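Peer 1: Quick note, the sequence shown lines up with residues 14 to 79 if you use the numbering used here.
Check each hint, because a few of them may be wrong.
[What the hints assert, rightly or not] Below 25 Å or equal to it, Euclidean Cα-Cα: the simulated SDA-like pairs (lysine to any residue) are:
1. Lys74 x Val57
2. Lys74 x Met23
3. Lys74 x Arg61
4. Lys74 x Gln32
5. Lys74 x Asn52
6. Lys74 x Arg22
7. Lys74 x Gln40
8. Lys74 x Gly35
9. Lys74 x Asp55
10. Lys74 x Leu58
Hints in this document: simulated from the structure, not taken from any laboratory. In this text, all values refer to a predicted model and were calculated from it rather than measured experimentally.
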Amino acid sequence: DEQVLGSIRMMPVCYTLGQAAGVAAAQSINTNQPACDLNTADLVLTLREQGAILPQTTLSKEMTRV
Numbered sequence: 014d015e016q017v018l019g020s021i022r023m024m025p026v027c028y029t030l031g032q033a034a035g036v037a038a039a040q041s042i043n044t045n046q047p048a049c050d051l052n053t054a055d056l057v058l059t060l061r062e063q064g065a066i067l068p069q070t071t072l073s074k075e076m077t078r079v
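Based on the sequences and whatever the hints tell you, model everything.
Peer 2: Laid out in structure tokens, this is it:
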């Protein structure tokens, strides 16, 4: 059924986003910094240690803002 498959397709994306938000919140508390000032390279490395697949090879310490 299309509706069920659409929901299942989005589950990994929602899981990954939730994991990243939780890790960022923990790092924010541990470093006493607002989330927007976190070292994003450290965030990506922590997520990779937890098994997240993040293929980018170049990491920035600052969050990219548009």
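Peer 1: If a hint holds in the structure, say so; if it does not, say that too.
Peer 2: Going down the list of hints, with the structure as the test:
no.: 1; hint: Lys74 x Val57; verdict: 10 Å, holds
no.: 2; hint: Lys74 x Met23; verdict: 29 Å, violated
no.: 3; hint: Lys74 x Arg61; verdict: 16 Å, holds
no.: 4; hint: Lys74 x Gln32; verdict: 19 Å, holds
no.: 5; hint: Lys74 x Asn52; verdict: 5 Å, holds
no.: 6; hint: Lys74 x Arg22; verdict: 31 Å, violated
no.: 7; hint: Lys74 x Gln40; verdict: 14 Å, holds
no.: 8; hint: Lys74 x Gly35; verdict: 19 Å, holds
no.: 9; hint: Lys74 x Asp55; verdict: 7 Å, holds
no.: 10; hint: Lys74 x Leu58; verdict: 11 Å, holds
Violation of the numbered hints given earlier is confined to hints 2 and 6; the remaining hints are satisfied by the structure.
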